[in-house]
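Protein sequence lines correspond, in order, to chains A and B. Residue 1 is where the first sequence starts when you use the UniProt record's numbering, and the numbers rise one by one after that. Residue 1 is where the second sequence starts when you use the UniProt record's numbering, and the numbers rise one by one after that.
Watch out, some of these pointers could steer you wrong.
Covered by chain B, according to a simulated footprint, are these stretches of chain A (three or more residues, beta-carbon under 8 angstroms) [said to hold, decoys possible]:
1) 7-14
2) 52-63
3) 154-165
4) 291-303
5) 390-400
If you want a taste of the chain B side facing chain A, the calculated C-beta under 7 angstroms gives, among others [claimed, not checked]:
6) Asn43
7) Ile46
8) Gly73
9) Cys78
10) Ser165
11) Ala292
12) Asp295
13) Gln383
14) Ile386
15) Glu389
Everything labelled a hint here was simulated from the structure, so no lab data went into it. Ideal Cβ positions, reconstructed from N, Cα and C, are used throughout, including at glycine.
There are 2 protein chains.
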Amino acid sequence: MPKKNALYCQSGGVTAVINATACGVIQTARSLPEVGTVFGAKNGIIGALREELIDTAQHSDEEIATLMHTPGGAFGSCRFKLKDPEAQKREYDRLVDVFEAHNIGYFLYNGGGDSSDTAHKVSQMAHQRGLDVMCIGVPKTIDNDLPVTDTCPGFGTTAKYIATSVMEASLDVESMSESSTKVFILEVMGRHAGWIAAAGGLAGKHHDEPPQIILFPEVPFDQAAFLERVKWSVDNHGYCSIVVSEGVQDKNGKFLADAGTTDAFGHAQLGGVATVIAQMVRDELGFKYHYAISDYLQRSARHLASKTDLEQAYAVGKRAMELAAEGHNAVMPVIRRLTEDPYTWDITTAELKDLANVEKKLPPEFITEDGFGITDACRRYLQPLIQGEAFPPFNADGLPHYVRLSQTLTPQKLPAFDI
Amino acid sequence: MPKKNALYCQSGGVTAVINATACGVIQTARSLPEVGTVFGAKNGIIGALREELIDTAQHSDEEIATLMHTPGGAFGSCRFKLKDPEAQKREYDRLVDVFEAHNIGYFLYNGGGDSSDTAHKVSQMAHQRGLDVMCIGVPKTIDNDLPVTDTCPGFGTTAKYIATSVMEASLDVESMSESSTKVFILEVMGRHAGWIAAAGGLAGKHHDEPPQIILFPEVPFDQAAFLERVKWSVDNHGYCSIVVSEGVQDKNGKFLADAGTTDAFGHAQLGGVATVIAQMVRDELGFKYHYAISDYLQRSARHLASKTDLEQAYAVGKRAMELAAEGHNAVMPVIRRLTEDPYTWDITTAELKDLANVEKKLPPEFITEDGFGITDACRRYLQPLIQGEAFPPFNADGLPHYVRLSQTLTPQKLPAFDI
Numbered sequence: 001m002p003k004k005n006a007l008y009c010q011s012g013g014v015t016a017v018i019n020a021t022a023c024g025v026i027q028t029a030r031s032l033p034e035v036g037t038v039f040g041a042k043n044g045i046i047g048a049l050r051e052e053l054i055d056t057a058q059h060s061d062e063e064i065a066t067l068m069h070t071p072g073g074a075f076g077s078c079r080f081k082l083k084d085p086e087a088q089k090r091e092y093d094r095l096v097d098v099f100e101a102h103n104i105g106y107f108l109y110n111g112g113g114d115s116s117d118t119a120h121k122v123s124q125m126a127h128q129r130g131l132d133v134m135c136i137g138v139p140k141t142i143d144n145d146l147p148v149t150d151t152c153p154g155f156g157t158t159a160k161y162i163a164t165s166v167m168e169a170s171l172d173v174e175s176m177s178e179s180s181t182k183v184f185i186l187e188v189m190g191r192h193a194g195w196i197a198a199a200g201g202l203a204g205k206h207h208d209e210p211p212q213i214i215l216f217p218e219v220p221f222d223q224a225a226f227l228e229r230v231k232w233s234v235d236n237h238g239y240c241s242i243v244v245s246e247g248v249q250d251k252n253g254k255f256l257a258d259a260g261t262t263d264a265f266g267h268a269q270l271g272g273v274a275t276v277i278a279q280m281v282r283d284e285l286g287f288k289y290h291y292a293i294s295d296y297l298q299r300s301a302r303h304l305a306s307k308t309d310l311e312q313a314y315a316v317g318k319r320a321m322e323l324a325a326e327g328h329n330a331v332m333p334v335i336r337r338l339t340e341d342p343y344t345w346d347i348t349t350a351e352l353k354d355l356a357n358v359e360k361k362l363p364p365e366f367i368t369e370d371g372f373g374i375t376d377a378c379r380r381y382l383q384p385l386i387q388g389e390a391f392p393p394f395n396a397d398g399l400p401h402y403v404r405l406s407q408t409l410t411p412q413k414l415p416a417f418d419i
Numbered sequence: 001m002p003k004k005n006a007l008y009c010q011s012g013g014v015t016a017v018i019n020a021t022a023c024g025v026i027q028t029a030r031s032l033p034e035v036g037t038v039f040g041a042k043n044g045i046i047g048a049l050r051e052e053l054i055d056t057a058q059h060s061d062e063e064i065a066t067l068m069h070t071p072g073g074a075f076g077s078c079r080f081k082l083k084d085p086e087a088q089k090r091e092y093d094r095l096v097d098v099f100e101a102h103n104i105g106y107f108l109y110n111g112g113g114d115s116s117d118t119a120h121k122v123s124q125m126a127h128q129r130g131l132d133v134m135c136i137g138v139p140k141t142i143d144n145d146l147p148v149t150d151t152c153p154g155f156g157t158t159a160k161y162i163a164t165s166v167m168e169a170s171l172d173v174e175s176m177s178e179s180s181t182k183v184f185i186l187e188v189m190g191r192h193a194g195w196i197a198a199a200g201g202l203a204g205k206h207h208d209e210p211p212q213i214i215l216f217p218e219v220p221f222d223q224a225a226f227l228e229r230v231k232w233s234v235d236n237h238g239y240c241s242i243v244v245s246e247g248v249q250d251k252n253g254k255f256l257a258d259a260g261t262t263d264a265f266g267h268a269q270l271g272g273v274a275t276v277i278a279q280m281v282r283d284e285l286g287f288k289y290h291y292a293i294s295d296y297l298q299r300s301a302r303h304l305a306s307k308t309d310l311e312q313a314y315a316v317g318k319r320a321m322e323l324a325a326e327g328h329n330a331v332m333p334v335i336r337r338l339t340e341d342p343y344t345w346d347i348t349t350a351e352l353k354d355l356a357n358v359e360k361k362l363p364p365e366f367i368t369e370d371g372f373g374i375t376d377a378c379r380r381y382l383q384p385l386i387q388g389e390a391f392p393p394f395n396a397d398g399l400p401h402y403v404r405l406s407q408t409l410t411p412q413k414l415p416a417f418d419i
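Okay, chain A solo, but in the shape it has when bound:
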């Protein structure tokens, strides 16, 4: 059987463990006789279109192994969504040219919901044109909002980091609350789904332990109820620890972060939802507050990876390469929960069409009746995903051993292409 090469793309926001998936793809490819080399597209689909391909044959087995403990996207990622083949025929034609010029028989697309859609469209196009290219989606997103799969690689590590940070910062504010800060607010990602915010709830074993309040995008913000609970928490615990999702909306569906504030020059004021909440606490209750915005820290915190998450990230990469080599097309390896306590899981296969553009929100039964906490059902779902530690190796200088792989491009064979 003639060898075909693989093209691997990282897409969308990266995670602390997306490179573990790349590691799974490349290590598996090196063991399969059907697979030639793996090309990493530089900056995802953009590099595929520009014929900017990183031949991973340049990287030794030792270098590839460092992907297991290095955050960020080793080949670069992008935010670029292919439209329908009819609307963007030029791009699809170019992909065919690149596939043919580099003998690509396996196309692996590592991303979230939008990326599943892109992978699905490429697979349809390949099928229509009779190309012998297997298109496989590979799941990844800290937002944990893909359907079908039990969880999304990347989420477990973010969840562990956020829950730990809430524990730590809550111990801090508790220490200070008698004479200083009484309210601590942590803003987390998740514009449309509250999975990361919910993970903050793991910091306490029950609803009265910190965080005393979680604000979810799924629950319309009720200012009066919120302020009442902040006051109750300060009156009863001495302080209040709050986790707020960036996606919290008012009852009209308007993001709280878009509060319409302007600076001295009338420009729209930047500032996350944490700022809005902090201001509300100050103006309405007069409590001293602190707030943190974890932003990229929460999705790159490889130093506190969940071992479970890391293993799942590797497993989906491995299985994706196997599925491609076995001749599957338009599918994605997904994680299936077999048992909950102890948590066991395996990898099954889903159709890309069932994953594209579907957002899995936090179900109502995961949110407490008052809207400010997580239920036991939610804990049972989340807890296994943060289990186990997988610290990176540390150098003698006290910092993690993170590695930048060479991104030397393979010689181009086609004319330049503007995107």
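With chain A fixed as given, assemble chain B onto it according to the hints.
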């Protein structure tokens, strides 16, 4: 020799390792025949005044050992500064009453510059009144701004956390920069001194690695030079990673964070300096940005403690208790650097009067000529302080084993006291 009891106070902003100092105090006290029990003042000097004392005899050796890996202030801290004995005679009289009621012969005050001042004043008052109470300051502050001592316990862990976070978030933004975020900004603490901001510089080995820009409180902000360097970095590296101290000021000494912005109702707008910098990057250069504000996360991140810092935190607590028992007064155990590579250190003794109210800023020779980076001399100073890992134990649920000690108060003997 009759036993005397010890009173231990935590003061000011807490750190990820201040409880390791408490552990050093209590474990040492348990081994010294001169020392009876150690009382932890609930919420620092406020608890001392209110006679709210936590008798640590209620805690087993195993419980005391958990202080080594639990962040926050186990007995509570406060922001409360005693004025001169003449101005606040009532408070000093009360302290004498509490000392006498509970047979306190050793007063250990664990804090930063303000706290050294308080400990010094209490020692002067005790001397004037002929009290047999040894007053010892114990160093602590993530700001690293105490004079005399080589470093301040708490700083090394914050430095390790910030340097690691900068490495991680910079790998993230680098991955995204081709089609999305080009500028990442991390706001760190240090209102008057740039030690924490400087620690962010350890993320790269030289000035062109991320962070490409550090903004220090010691360097007046030059908007034109800053924007030029952001643009240069994006043009040459594809992205720009920035660490900004909350204390950055313009050439007139005005904090950038106090940019005078107002909300729709004309209220002063909250928002850290990261917001101001982000807005500037957007308005003047048009780059997509992200920013994180680490706030309390940076001072409570026990999960990523520096082993060196943890050992120093314990050592100053141990030595403080020994100094008190040996009859020293108005002193503080401080850290002395013996050799730099490998880093060796010991504990010596400084006079409290030399530490009170003196702020050690980043010296000019630690800042590169362009004002945006750290010099090799700065690296040589900082690097040893983040060396070694001291992860906390983790529970099977995937979270660190942090412990809240019982704060049951010892029976009060005096009338109530309002502060």
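- State the violated hints by number, sorted upward, taking the hints as numbered earlier in the document. Violated hint (a single one): 2; every other hint is consistent with the structure.
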